[in-house]
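Going line by line, the protein sequences match chains Y and C.
Reminder that position 95 of the first sequence reads as 95 in my numbering, one-by-one numbering, no gaps.
Reminder that position 28 of the second sequence reads as 28 in my numbering, one-by-one numbering, no gaps.
Derived by calculation from the structure, the hints in this document are not laboratory data.
Note that this is a predicted model, so its numbers are computed, not measured.
Worth double-checking, as some hints may not be accurate.
As the list claims (entries may be wrong) - Simulated crosslink set (SDA-like; lysine to any residue; CA at most 25 Å straight-line):
1) C:K295 to Y:S75
2) Y:K259 to Y:A331
3) C:K295 to Y:G92
4) C:K329 to C:T245
5) Y:K259 to Y:S300
6) C:K295 to C:S227
7) Y:K165 to Y:A132
8) Y:K165 to Y:D138
9) C:K295 to Y:G393
10) Y:K297 to Y:K121
11) C:K295 to Y:T348
12) C:K295 to Y:K121
13) Y:K297 to C:E229
14) Y:K186 to Y:S206
15) C:K295 to C:K329
16) Y:K259 to Y:S324
17) C:K295 to Y:G487
18) Y:K186 to Y:D220
19) C:K295 to Y:A59
20) Y:K165 to Y:D350
21) Y:K259 to Y:R480
22) Y:K259 to Y:S206
23) Y:K297 to C:R264
24) C:K295 to Y:S300
25) Y:K259 to Y:E235
26) Y:K297 to Y:S324
27) Y:K186 to Y:Q496
28) Y:K165 to Y:H61
29) C:K295 to Y:A132
30) Y:K165 to Y:R127
31) Y:K49 to Y:D138
32) C:K295 to Y:A323
33) C:K295 to Y:K49
34) C:K295 to C:D326
35) C:K295 to C:F56
36) C:K329 to C:R130
37) Y:K297 to C:D326
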Amino acid sequence: MEHSACRVIGIEKAFGPNRVLRGVDLTIPAGQVTVLMGANGAGKSTLVKILCGVHAHDAGHIELFGEAFSPTSPSQAIDAGVVTVHQAINDGVIPDLDVASNLMLDQLNAAGAGFFINRRKLRSGARAIAGAMGLDIDVAAQVADLDVAERQLIAIARAMAREPKVLILDEPTSSLSATEAERLFKLLDHLRETGVAILYISHRMSDIRRIADRIISMRDGQISGTFETQPLDYEGAVTAMLGHAMTAVDIEVADRGDKVLELVDLRLSETGAAINLTVHRNEVLAITGLLGSGKTKLASVLFGLEEPLSGQIRLCGEPFAPASPGEAIAAGVFMLPKDRASNGVVPTFDITKNLTLPFTARHAPFSFLSRNRERRTTQSMIDQLGVVCQSPGDDIGTLSGGNQQKIMVGRWMAEASQLLLLDEPFQGVDIRARRDIGRSIRETAVDRATIVFAAELDEALEIADRILVLYEHSLVGEHRNEGIDLGSVLAQVSGQSAQQRPTQMSAS
Amino acid sequence: MTTDTQASRPVPPPVDRPQTLVNLAVRYGFLCLLLGLIVFFSLAAPGFAGPRSAAFIFQSVAITGILALGVTCTLVVGGFDLSIGSVATSALMLSAYMMVVLEQSAFVAVLACLIMGAFVGLINGLLIVRMRVPDLLATLGMMFLLIGLQRIPTEGRSISTGMTLPGGEVAEGTFSAAFLWLGRHRFDFVLEDLIPVPVVVFLIVGVLVWVFLELTRHGRLMYAIGSNERATALAGTNVNRYKITAYMISGVMASIGGILLAARLGRGDIASGNNLLLDSVAAALIGFAVLGVAKPNAFGTAIGALFVGVLLQGLTMMNAPYYTQDFVKGAVLVVALMFTFALSTRRRGGGH
Numbered sequence: 001m002e003h004s005a006c007r008v009i010g011i012e013k014a015f016g017p018n019r020v021l022r023g024v025d026l027t028i029p030a031g032q033v034t035v036l037m038g039a040n041g042a043g044k045s046t047l048v049k050i051l052c053g054v055h056a057h058d059a060g061h062i063e064l065f066g067e068a069f070s071p072t073s074p075s076q077a078i079d080a081g082v083v084t085v086h087q088a089i090n091d092g093v094i095p096d097l098d099v100a101s102n103l104m105l106d107q108l109n110a111a112g113a114g115f116f117i118n119r120r121k122l123r124s125g126a127r128a129i130a131g132a133m134g135l136d137i138d139v140a141a142q143v144a145d146l147d148v149a150e151r152q153l154i155a156i157a158r159a160m161a162r163e164p165k166v167l168i169l170d171e172p173t174s175s176l177s178a179t180e181a182e183r184l185f186k187l188l189d190h191l192r193e194t195g196v197a198i199l200y201i202s203h204r205m206s207d208i209r210r211i212a213d214r215i216i217s218m219r220d221g222q223i224s225g226t227f228e229t230q231p232l233d234y235e236g237a238v239t240a241m242l243g244h245a246m247t248a249v250d251i252e253v254a255d256r257g258d259k260v261l262e263l264v265d266l267r268l269s270e271t272g273a274a275i276n277l278t279v280h281r282n283e284v285l286a287i288t289g290l291l292g293s294g295k296t297k298l299a300s301v302l303f304g305l306e307e308p309l310s311g312q313i314r315l316c317g318e319p320f321a322p323a324s325p326g327e328a329i330a331a332g333v334f335m336l337p338k339d340r341a342s343n344g345v346v347p348t349f350d351i352t353k354n355l356t357l358p359f360t361a362r363h364a365p366f367s368f369l370s371r372n373r374e375r376r377t378t379q380s381m382i383d384q385l386g387v388v389c390q391s392p393g394d395d396i397g398t399l400s401g402g403n404q405q406k407i408m409v410g411r412w413m414a415e416a417s418q419l420l421l422l423d424e425p426f427q428g429v430d431i432r433a434r435r436d437i438g439r440s441i442r443e444t445a446v447d448r449a450t451i452v453f454a455a456e457l458d459e460a461l462e463i464a465d466r467i468l469v470l471y472e473h474s475l476v477g478e479h480r481n482e483g484i485d486l487g488s489v490l491a492q493v494s495g496q497s498a499q500q501r502p503t504q505m506s507a508s
Numbered sequence: 001m002t003t004d005t006q007a008s009r010p011v012p013p014p015v016d017r018p019q020t021l022v023n024l025a026v027r028y029g030f031l032c033l034l035l036g037l038i039v040f041f042s043l044a045a046p047g048f049a050g051p052r053s054a055a056f057i058f059q060s061v062a063i064t065g066i067l068a069l070g071v072t073c074t075l076v077v078g079g080f081d082l083s084i085g086s087v088a089t090s091a092l093m094l095s096a097y098m099m100v101v102l103e104q105s106a107f108v109a110v111l112a113c114l115i116m117g118a119f120v121g122l123i124n125g126l127l128i129v130r131m132r133v134p135d136l137l138a139t140l141g142m143m144f145l146l147i148g149l150q151r152i153p154t155e156g157r158s159i160s161t162g163m164t165l166p167g168g169e170v171a172e173g174t175f176s177a178a179f180l181w182l183g184r185h186r187f188d189f190v191l192e193d194l195i196p197v198p199v200v201v202f203l204i205v206g207v208l209v210w211v212f213l214e215l216t217r218h219g220r221l222m223y224a225i226g227s228n229e230r231a232t233a234l235a236g237t238n239v240n241r242y243k244i245t246a247y248m249i250s251g252v253m254a255s256i257g258g259i260l261l262a263a264r265l266g267r268g269d270i271a272s273g274n275n276l277l278l279d280s281v282a283a284a285l286i287g288f289a290v291l292g293v294a295k296p297n298a299f300g301t302a303i304g305a306l307f308v309g310v311l312l313q314g315l316t317m318m319n320a321p322y323y324t325q326d327f328v329k330g331a332v333l334v335v336a337l338m339f340t341f342a343l344s345t346r347r348r349g350g351g352h
C-alpha cells in the first residue's frame, strides 16, 4: 500500500450518547477501488460525511497524500480533491436548472467566473463533460424532466468533472439499470488506471464482484474485516458485515397451526422469480436478504402499499388484495414499518397517543377518546414489553431508541391480528431491547402468523422458526431454524448460490 | 442515527427538571401577560373594566376568531388556508345577493353560504390532496378566484335594497329581520342587551372546535397527520380524507364569519372584510404561544384573538391613534412567535 491516497486513523464519532464510529482505521489506496460494505447503521454514511466535510470527527485523524486533512466544509474537501457522490440523488443535482447548468455548476461557482452567464460557453463546457463520460444527453433539457437514472449519471458526471483524486461513491447504482451501471463501471476502470483512489459503497453483490479491488466490511462502527487478496472472499466479506457472533437465544421451533397466508406465484418485479410461500398460525417466519433484495417490497405488497407484478395472495383461504394500509388492517394484517423516525413515531405525541394511533376507534366510544382506556392498553403493553419510562404520559422523545421501538411494536401487538409483519424491528435497537422485543413477539405468536424482515442474520436466528432468503426479488433459500447451516444461508444471501441453482423454491 | 449496542442502557434521566421555571414561563406566560394587560388597562383607562367594554372586545374579535378557528383546523393537519378571508367576503356578498336580488329567505341565504364554504373547502382540499398543489399556492389561487368571482354578478358594486342591477331592473329584496338578528341582536346577560349573537356563535364554535380537536379520535388523527403524515398513513389512517375535511371545516367557518358580517352590516358591502385574513391568521399563530404548546390549538386561537382585541381596545381607550393598530398586532405576533419557538425548542432540545 505504498500509494495510499487517503488514510483514516482511529476516527471516532458520536451523536449524543450514540457512538456511531468507534475507532475506524481505513486506507484508500490510489489506483484501486475499495468497496465499503456494511449493514444499515454500521456507520458507513457517517464515515463518508466526515471525509467530505459535512461532519467533524470527535477523535482520530485523517491523512490525505501524507498530509493532515480535516475538512470543515464540503467545498474544502472538494478543493483538496475529495469528491463525493451522495446516495440521495437530489443532493447531487438541482432539478429546476437545465443539464448544462448542473454540469457546470462548479465552474459557475469558481473564482473569476464572470457576472453574466455565457450560455454558449456553458453548453459547450457541459457537452465536453458529458462527452468525457460517454453521456449522450441533451444539455438543454431540464433536470426535472429526466428520470432518476439520468439524474444519477449527471450527479456522477459532475463529480468526475471536478477531477477528483479521491472519489467517494455512495450506492451509485441503486437507481441505475445494468447497462447504465456498466457505463459507470467502465468509467471507474478508466479513473482507476489514471490513479484515482475510489471508495465505493454498495450492497449489490454483482457490482462488488465487477468492480472491487479490495473489500472492507464495517459493522457497529468498526471495521470488521479487510479483504484484499485475490480472489476476493465475497462470502467472508458478507459474513463480516452481517456478523453472526452467535447469540445465546435458543429457539424451540413451534408446531404450526392452520394456514394463514399463501402466496401463489407472486412476482415482485420483472427480474424476480415467482414466489410461492405459505405461512402458518403460531409460526414466526424470518425473511432475510441484502438491501434491495425485495424484503421491504414484499412487506409493502402485503400491507396494501404496492401492487405485485403478478400472482395471488390468499389470507385465511380468501383472496387478499388490499388497496391501502387501512384495508389491510381491517383484514387483520398489521405492519411495523422500518425506519421508525420517519415511518412510525409521531414526535409531538406522548407514549400513549403513539401507541394507540392505529386503533383510536377501539378507545373512543362515539368517537370520544377515553384516556383511561388508552392508558390501560398502553400500560399493559409497557409491562409486556418492559418499556423503561416514567409514565404512559411521557413524551415519546424522552425514550431511548430501543424503548421507542418497543412502543412501535406494542402499537401493533395491542390488538389481535391474523398476520403481523415486522420490517427490521431491531433497527437501531440495543441488544437488551432486542431480546425483550424478540421474546414478546414469540410469546404472543400463537394466534397469528408472524413475518419478520431482517437483513442481519443473527436477528433472524434469534426470533424465527423458519428462515427464508431473498435475493434480487427471488426466494433462494429456506431453512428450518434448527442446526442451521450458516454457510449456506450466507452463500444464498450474497447470491453465491443463485448462479448455480435455478431460483425455483417453493416453501411448503 | 442508529445502533446503540451497549448491553444495557440506563433509565433515561427525568427530562427538563432543572428548567421548571422556564417551563412554567412558557406554559403560563402568555395567559399571565393577558391578565396583566387587563389589570393595567383597568387601572390606566377609566371605563375599560366593565361588562359593556368586555362585550365590545368580544364583539370586535368574534368574526376574526371564528375564521381563526377554521384556519387552526388546517394548521393542525400541517396545511394552511389563505382563502378564508375571501370565502368570508364571498359569503357576505352571496347572502346579500340571495336576499336582495333573488328575494330568498334568511334560511336559504344562510344555507347557500354554508354550502358555498364547504364546497370551496372541498375544492381546496382536492387541489392539495389530489393535484398535489402546495397548500399555500392552492389557497392563494382560490383567494384570488373568489375575490374576483364575488364581484362579477353585480359588476363590482355593493349590494343593497333599491340598487340597479346590471340588467337595468331594480333589486326589490331586503335583508330579512331574521337575518339581521344574527348580527345585531343582543342577549341580556347581567345587563340588558349585552351580548351580541356573533359573540355567542364565536363561543359555541370555539367550544365545538376545541372538543373536536382535543377530545375526539378524529382530532387526534388530524394532529398525528400534522406531526408525521407518513407514520399516520402507515397506521391505516385515510390521510387524504382528513385533510380535505380540515379544509372544508375551514371553509364553513369562514362562511359563518361572512354571514355574521353581512348581518351586522345589513348590506353586501364590497369593501368589507379586507383585514379578516391577516387578523385571523395572526390569532391562530399567537395561539401557538398560549400554554406553550407550540402547535395550533383551539383554545390558544380563541385566546390569541381576545389578546389582540384587549390590546387594541385598551390602547384605543388610552387614545392611541388608529393607525398604530397594525403595528401593535404585528409586534404581538412576532413576540408570541419568539416566545413559542425559541423557548419551546430549547425545552424540547433534550429529546431526540
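To see whether the hints hold, each was checked on the structure:
1. Under the criterion of a C-alpha separation no larger than 25 Å, the hint pairing K295 (chain C) with S75 (chain Y) is inconsistent with the structure, at around 38 Å.
2. For the proposed pair K259 (chain Y) and A331 (chain Y), the alpha carbon gap of about 15 Å is at most 25 Å, so the pair holds.
3. Taking the CA atoms of K295 (chain C) and G92 (chain Y), the gap is near 34 Å; set against the 25 Å cutoff, the hint is violated.
4. Simply put, K329 (chain C) and T245 (chain C) have alpha-carbon atoms about 30 Å apart, too far for the 25 Å limit, and the pair is violated.
5. Note on K259 (chain Y) and S300 (chain Y): the hinted pairing holds, with a Cα-Cα distance of about 21 Å set against a maximum of 25 Å.
6. A hinted pair counts as satisfied when its Cα atoms are at most 25 Å apart, and K295 (chain C) with S227 (chain C) qualifies at roughly 10 Å.
7. With a C-alpha separation of about 17 Å, the suggested pair K165 (chain Y) and A132 (chain Y) falls inside the 25 Å cut-off, and the hint holds.
8. With a C-alpha separation of about 28 Å, the suggested pairing of K165 (chain Y) with D138 (chain Y) is violated against the 25 Å cut-off.
9. The straight-line distance between the Cα atoms of K295 (chain C) and G393 (chain Y) is roughly 18 Å, inside the 25 Å bound, and the hint therefore holds.
10. Simply put, K297 (chain Y) and K121 (chain Y) have alpha-carbon atoms about 45 Å apart, too far for the 25 Å limit, and the pair is violated.
11. Restraint check for K295 (chain C) and T348 (chain Y): satisfied, since their Cα atoms lie roughly 9 Å apart, inside the 25 Å limit.
12. Taking the CA atoms of K295 (chain C) and K121 (chain Y), the gap is about 51 Å. The hint is violated against a cut of 25 Å.
13. Taking the CA atoms of K297 (chain Y) and E229 (chain C), the gap is about 20 Å. The hint holds against a cut of 25 Å.
14. A threshold of 25 Å between alpha carbons decides the hint, and for K186 (chain Y) with S206 (chain Y) the separation of about 15 Å falls inside it, so the pair holds.
15. Restraint check for K295 (chain C) and K329 (chain C): the C-alpha separation of about 20 Å stays at or below 25 Å, so the hint holds.
16. Between K259 (chain Y) and S324 (chain Y) the CA atoms are separated by roughly 23 Å; this keeps the pair inside 25 Å, and the hint holds.
17. Distance check on the hinted pair: K295 (chain C) and G487 (chain Y) sit about 53 Å apart at the alpha-carbon level, beyond 25 Å; violated.
18. Between K186 (chain Y) and D220 (chain Y) the CA atoms are separated by roughly 32 Å; this puts the pair beyond 25 Å, and the hint is violated.
19. The straight-line distance between the Cα atoms of K295 (chain C) and A59 (chain Y) is roughly 39 Å, outside the 25 Å bound, and the hint therefore fails.
20. Simply put, K165 (chain Y) and D350 (chain Y) have alpha-carbon atoms about 49 Å apart, too far for the 25 Å limit, and the pair is violated.
21. At most 25 Å may separate the alpha-carbon atoms for a hinted pair to count; K259 (chain Y) and R480 (chain Y) meet this at roughly 17 Å.
22. Restraint check for K259 (chain Y) and S206 (chain Y): the C-alpha separation of about 36 Å exceeds 25 Å, so the hint is violated.
23. With a C-alpha separation of about 59 Å, the suggested pairing of K297 (chain Y) with R264 (chain C) is violated against the 25 Å cut-off.
24. Distance hint between K295 (chain C) and S300 (chain Y) is unfulfilled; the C-alpha atoms sit about 32 Å from each other, more than 25 Å.
25. Of the supplied pair hints, the one linking K259 (chain Y) and E235 (chain Y) is violated, its CA atoms being roughly 35 Å apart against a limit of 25 Å.
26. Note on K297 (chain Y) and S324 (chain Y): the hinted pairing holds, with a Cα-Cα distance of about 14 Å set against a maximum of 25 Å.
27. Pair hint K186 (chain Y) plus Q496 (chain Y) holds up; C-alpha atoms about 24 Å apart against a cutoff of 25 Å.
28. Taken as a hint, the K165 (chain Y) and H61 (chain Y) pair is honoured in the structure, with Cα atoms around 19 Å apart against an allowance of 25 Å.
29. For the proposed pair K295 (chain C) and A132 (chain Y), the alpha carbon gap of about 53 Å is over 25 Å, so the pair is violated.
30. Simply put, K165 (chain Y) and R127 (chain Y) have alpha-carbon atoms about 22 Å apart, close enough for the 25 Å limit, and the pair holds.
31. Proximity of K49 (chain Y) to D138 (chain Y) is assessed by CA-CA distance (about 32 Å); at most 25 Å being required, the pair is judged violated.
32. Between K295 (chain C) and A323 (chain Y) the CA atoms are separated by roughly 33 Å; this puts the pair beyond 25 Å, and the hint is violated.
33. Taking the CA atoms of K295 (chain C) and K49 (chain Y), the gap is near 33 Å; set against the 25 Å cutoff, the hint is violated.
34. For a cut-off of 25 Å, the pair hint linking K295 (chain C) to D326 (chain C) stands: about 24 Å separates their Cα positions.
35. A threshold of 25 Å between alpha carbons decides the hint, and for K295 (chain C) with F56 (chain C) the separation of about 29 Å lies outside it, so the pair is violated.
36. The hinted pair formed by K329 (chain C) and R130 (chain C) fails the criterion: a straight-line CA distance of about 36 Å is larger than 25 Å.
37. Restraint check: the Cα-Cα separation between K297 (chain Y) and D326 (chain C) comes to about 55 Å, which exceeds 25 Å; the hinted pair is violated.
This entry does not satisfy hints 1, 3, 4, 8, 10, 12, 17, 18, 19, 20, 22, 23, 24, 25, 29, 31, 32, 33, 35, 36, 37, going by the numbered hints stated previously.
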